[in-house]
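A.B. asks: Residues 1 to 675 (full-length UniProt numbering) make up the sequence shown, in order.
If you are wondering where the hints come from, they were derived from the structure by calculation, not from laboratory data.
Derived DSSO-like pairs: lysine-lysine, alpha-carbon spacing no greater than 27 Å straight-line:
| no. | residue 1 | residue 2 |
| --- | --- | --- |
| 1 | K190 | K100 |
| 2 | K466 | K454 |
| 3 | K202 | K378 |
| 4 | K166 | K48 |
| 5 | K190 | K275 |
| 6 | K466 | K414 |
| 7 | K287 | K259 |
| 8 | K114 | K141 |
| 9 | K287 | K435 |
| 10 | K141 | K378 |
| 11 | K636 | K569 |
| 12 | K287 | K336 |
| 13 | K414 | K435 |
| 14 | K166 | K54 |
| 15 | K378 | K275 |
| 16 | K308 | K378 |
| 17 | K454 | K435 |
| 18 | K114 | K100 |
| 19 | K275 | K308 |
| 20 | K202 | K275 |
| 21 | K569 | K454 |
| 22 | K415 | K441 |
| 23 | K190 | K219 |
| 24 | K466 | K415 |
| 25 | K190 | K166 |
| 26 | K219 | K100 |
| 27 | K415 | K259 |
| 28 | K166 | K219 |
| 29 | K114 | K378 |
| 30 | K441 | K466 |
| 31 | K141 | K202 |
| 32 | K441 | K454 |
| 33 | K378 | K287 |
| 34 | K100 | K141 |
| 35 | K454 | K415 |
| 36 | K190 | K378 |
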Amino acid sequence: MEKSTNLSTCENVMTCPIRPIGSGNEHCPYDWLAVYDGRDEHSPLIGKFCGLGKFPFSIIGTSQYMYVEFVTSPAGPLLNTGFHFNVGNWPGHVETAGIKHGVCDWLLSSDSLKDSSASEGIFLSIAHWYPPNTSCSYHIKGHVGEIVRLYFPSFRINRIESPILKYEGDCGESLTIYDSDHADPARIIKTFCDTFSRPMEKVDFVSTSPSLYVQFDSKTGSYSGSSLYYWAHYDFFNNTRFGDPVPNTLCDEVMYAWKHPGGRLRSPLNSLIFKRTGGSDVRCQYKFVTDRRLYARAIIEVNSVSFKELPYNSNACTRCHEERVDKLVIWEERDKYQNNLACFCDNIPRAVRVISSADQMNLEMIVQGQHAITSYFKNPNPLFEATYEFAHGPLCGPITLGPSPDGELVFPYKKALAMVSGPMAPPEHHYRREKCIWELKVAAQRDLWLNLEKARFADRSCDSAKIEVYLAGRLEPRFVVCPENISLARDLPILTTAELGATGADQEPLPVLIQYTGDGQPGRNIFRLVWTELFHLPRNPDGSLAASLLQDGGCDFRCPGDTEVCIPKHLLCNGIPNCPNVTHTSTLSQLTRHIEWNLEQLGLLHHAGDYQQLVLHDESPEICLKRDLSELPYGKLSLIALGLCLMFALLFAILRRMCRSSSLHQGRHHLQEDY
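Sequences and hints are given; from them, build the entire structure.
C.D. replies: If you want it as structure tokens, here you go:
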């Protein structure tokens, strides 16, 4: 735009100075050109201009309308030629998904972005005129649990070329990003100034809360837009956590039993973590921590694993722990070493349950950094899904049982009853459903027989109480005992060495897992589960007994029936039936075939004729009575009797001596009185 509207009133027009273009009433009292931002003179005044020369910059309005007014003094110009200007189009704003307040304050919410069906919101720098001391804000607001990401695909910082008001200091125009919902000086993430800042393109600015606040300030104003030219994108990420976040980590969490006793778990909902590692591996660790006064175990059940297959990746999921693949690792610390419990790097056909052996367990998701962004950034599908809970409260007692020739498991644990039923115990409605998990260790080359000797359940439904017995490597329980089948529980089959999964002749098999699930209120459910380790009678290829292998002293009594098992001598007549109850499946000849051998081992062979047709168990009165009599320590009894006789004789002698001494003393006293 060229102007020639002179302010001079000098008498000699040949010597009148040429006035440069100025603006404002103080500079333009006579001839001026007024520009309004709108349809008429009632619209906001952009500026009043006069002088001679070429206008150094363009004027950009806020809409498609602009009103220009030309005014001259009553005398009129003599040499001036008026003005000349061009009018053209300028790209307007993109549609911003938000609510505008005032001239340039915006509320950009996640709801507005969702309504627009866009994945990212956009706002631009001011590209039109604005007065000095302008302040524009953009409050980017998400839902509770969300965080905000802001980045600039395009950003340029220029010098202020078209100021309305001259400013000689630094930072005449600035753009500030706050990690807050308002302009909080203590929460500044970054400030860009026109005089000394460098633009930062494609760099993520991420909030720690649901709000991010962006503020543009201009001390100078502008006729043609901001000196800070930027194209800003923003989006929202769900940053919901399942436990307590670990400070100064990308995605680590801790599940404390007293705060998070159980729930669901999945890969981070915030897929932004896959973009923030700078090419290094993404590691998210979930730690499960309990207190033995509350629970002794943590349980994780992995329901699904869905890592992406990469065609160019030469590492296959064959050795999960060693290969550099995306994987899910479950481990616990034992004796200051990492004890790996499970590893998943491929889809699983069914849920897998992992139980800790102590009061802590860790689950760690590891994603290879070289493809984390391309594979998982803004991927809504979970990489894994799992549930967790804490189990084995004080009522359950010790975690590990055995190995021992016999033993018992009693619920509830008597020593813990005072903790849950005393004056400081919680009210009844606070009792939760109890889950106990015991590990029963069995000695090498021993069969195992379980016997539910005593059980009392408050309800007759299996939902109120259930006892499950799991063998190593089996997903389904070997036995399930509940109130509905309590009669069958007293005749459980023997678990052989092969079933227990022993890998070697001298190695213990993996423990048998016994799980109780039921009411946690003391007294409602009570049971006593007894176990016995049995020695399986070895056989020759022709079926005869291999007596040469019975040299370890663990086979002193052969159980009746066709079970081919025996027990050591010290388990006889101990008040607990240690031989399996198999009389209903065995013939009389099978039940009585070991009588003579058993009596010979017990030193009762001279009674064999009396018991030829009797079924002798390890608790049979016929055996226990004779055995007790035959094992009486007659020699010791004789010595005890002799010792007692000597004590009585000595006591009698002492008493007699005391009596004689008293009689002599009285006689001497009478003689003294006579004299």
